[in-house]
Amino acid sequence: MAIVGGGASGTLLAANLLRDARAPLRVALVERSGRAGLGLAYSTTSPCHLLNVPAAKMGAYADDPEHFLRWARREQPGTPPGAFIARQRYGRYLESVLREARANAAPGVHLDVVTSEVAAVEETSDAVRLVLADGTWLEARTAVLALGNALPSNLRVSDGGLYVSRRYHRSPWAPDALRGVAARDDVLLIGTGLTMVDTVLSLMEQGHQGHIHALSRHGLLPHVHQEATRSSYAAPGIRDALRALRQELRRARPETAHAKEHLPLAVRIRPVLRLVRREVRRAAKAGADWRQVVDALRPVSVPLWQRLPVNERRRFLRHLRAYWDVHRHRMAPSIGETVERLRREGQLTLHAGHIRSFALEDSGVEVRLRPRGRGGQETALHVQHVINCTGPEGAMTRGHPVLGGLVETGRVSPDALGMGLAADEDGALLDIHGHAAGRLYTLGPPRRGELWETTAVPEIRGHARNLAWHLLRRVEASRAPREPLASSGVPLEG
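In full-length UniProt numbering, the protein residues as written are 1 to 494.
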């Protein structure tokens with residue numbers, strides 16, 4: 001069995017496979033850095049980059065959410081459950097999780113970390129061949145594409161040569177991403193989400209004193225976490241929320257009133273929005289706030305998303321996504337205080353609008369933008385550097401060359417929204433005809449178009465556990481005496 005990608009998704013899947021496998025199994029984890037567990041999110045070396053989820057909820061295993069908290073307390077006794085810990089420490093934690101799973105694996109269960117990058121994926125009648133960047137290859141009966149997030153995409157506007165100049169930084173997570181940004185340079189950050197916040201912190205860490213402009217379509221800043229308040233508010237469970245939505249739908253569509261209860265009803269955005277607003281008012285009366293409502297929706301979000309017709313999902317992405325993101329993906333309190341101080345002191349300015357074009361100047365970059373709500377009026381902004389903080393490429397097949405090749409040949413297909421890949425309920429990738437051969441799987445960000453909540457550890461660990469169980473059952477069911485699969489100098493599944 002092969003796993004392509006050693007970030008959080010691939011690492012958690014490998015750890016679950018090693019922990020649960022009882023019969024001989026060989027897993028090859030292909031990670032270009034050679035360090036499984038880090039990925040983009042946790043490869044940062046900056047202590048100011050914090051998790052945006054409390055420690056008590058960040059355990060690696062779905063059946064033990066406080067696993068990370070106990071690990072953190074071994075290093076720092078007394079770490080509170082609500083602590084927001086540095087992401088570099090969480091990367092070390094994931095590395096330790098994989099080491100422990102590897103050391104405690106059953107006899108005959110092995111993990112090989114292959115330091116390379118997959119250049120192409122080929123399928124035979126009963127195997128998957130991964131062609132590596134150095135020309136070697138490995139074969140496995142099953143391969144899981146745990147590719148993580150793609151790099152940000154360049155804005156599709158006239159760039160005036162900016163994108164090939166030293167004044168443009170496509171990704172703030174690239175090695176030495178901020179090299180060349182002088183202390184007094186003015187900077188434009190494209191995007192106002194958590195990636196922008198991390199970039200601001202990195203600039204401050206290196207002593208930046210220039211003006212920082214951050215621009216997005218709505219100019220919204222992520223909200224800040226707060227400790228839960230004691231109140232009589234009880235968050236709705238999955239059944240309660242879906243029952244309320246069914247009632248909303250029946251009131252709006254009387255013809256469905258006599259439909260069989262077990263049949264899933266299509267959901268519309270408006271009833272969902274009404275439900276959320278009603279729960280927010282209910283929480284406020286109980287002395288709580290909207291954060292508890294948003295957190296309560298977390299286990300409900302996947303079934304709700306799956307019941308939304310594709311056109312309703314598109315409406316959500318077009319009109320509500322930005323508002324959902326700033327409420328759902330929040331800043332640690334200490335980071336929120338830093339950002340607010342920078343805004344108050346005038347060093348950080350948020351802009352709402354659209355970038356129309358870039359043009360290189362002798363001393364920097366002219367950015368032509370159209371501010372939101374000004375009736376098409378354009379204005380100019382002059383900075384020395386532009387940093388793309390928009391987050392991962394919206395269409396994964398463009399951001400990952402390997403996926404692009406698979407889509408072109410029809411062996412996998414994009415999901416209906418074009419955000420990721422089409423898969424069945426187990427994560428098996430579907431070809432252009434909607435069929436799953438059962439040799440290629442995925443989890444994590446590639447499933448966002450179909451599951452929505454797939455990018456945070458509390459969701460990824462559940463998907464990793466379920467996929468590991470499914471794959472191990474398949475391996476057990478297919479066991480029969482046969483020759484081992486061939487390789488070109490690379491350890492393979494046994």
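If you are wondering where the hints come from, they were derived from the structure by calculation, not from laboratory data.
Just so we're clear, the structure is a prediction, and the values are computed from it rather than from any experiment.
We put the CB at the ideal spot given by N, CA and C, even for glycine.
One or more hints might be untrue.
[Unchecked claim] Straight line, CA to CA, 25 Å or less: simulated DMTMM-like cross-link-like pairs of lysine to aspartate or glutamate:
1) Lys57 with Asp295
2) Lys57 with Glu95
3) Lys57 with Glu337
4) Lys57 with Glu100
[Said to hold, decoys possible] Using C-beta positions, here's what the derived DEER-type ranges look like:
5) His319 with Ser363: 22 to 30 Å
6) Ala106 with Ser153: 39 to 47 Å
7) Ser116 with Trp290: 26 to 34 Å
8) Ala106 with Gln209: 38 to 46 Å
9) Gly82 with Gly404: 16 to 24 Å
10) Asp186 with Asn154: 42 to 50 Å
11) Glu345 with Gly82: 42 to 50 Å
12) Glu408 with Ser158: 26 to 34 Å
13) Ala359 with Gln209: 46 to 54 Å
Status of the hints after comparison with the structure:
The hinted pair formed by Lys57 and Asp295 meets the criterion: a straight-line CA distance of about 12 Å does not exceed 25 Å. Using a Cα cut-off of 25 Å, the hinted pair Lys57 and Glu95 holds, with the two alpha carbons roughly 18 Å apart. A distance of roughly 23 Å separates the Cα atoms of Lys57 and Glu337; the hinted pair therefore holds under the 25 Å criterion. With a C-alpha separation of about 20 Å, the suggested pair Lys57 and Glu100 falls inside the 25 Å cut-off, and the hint holds.
Checked against the hint of 22 to 30 Å, the C-beta distance between His319 and Ser363 comes to roughly 39 Å, which is inconsistent with it. Taken as a hint, the range 39 to 47 Å holds for the pair Ala106 and Ser153, whose Cβ atoms sit roughly 43 Å apart. One distance hint, 26 to 34 Å for the beta-carbon pair Ser116 and Trp290, is violated here, with the actual separation near 46 Å. At about 57 Å, the CB distance of Ala106 to Gln209 disagrees with the hint of 38 to 46 Å.
Distance hint check for Gly82 and Gly404: the Cβ-Cβ separation is about 42 Å, which falls outside the suggested range of 16 to 24 Å. One distance hint, 42 to 50 Å for the beta-carbon pair Asp186 and Asn154, is violated here, with the actual separation near 21 Å. Range check, Glu345 to Gly82: Cβ separation about 28 Å, and the 42 to 50 Å hint is violated. Checked against the hint of 26 to 34 Å, the pair Glu408 and Ser158 passes, with Cβ atoms roughly 28 Å apart.
The hinted window of 46 to 54 Å between Ala359 and Gln209 is violated, with their beta carbons roughly 25 Å apart.
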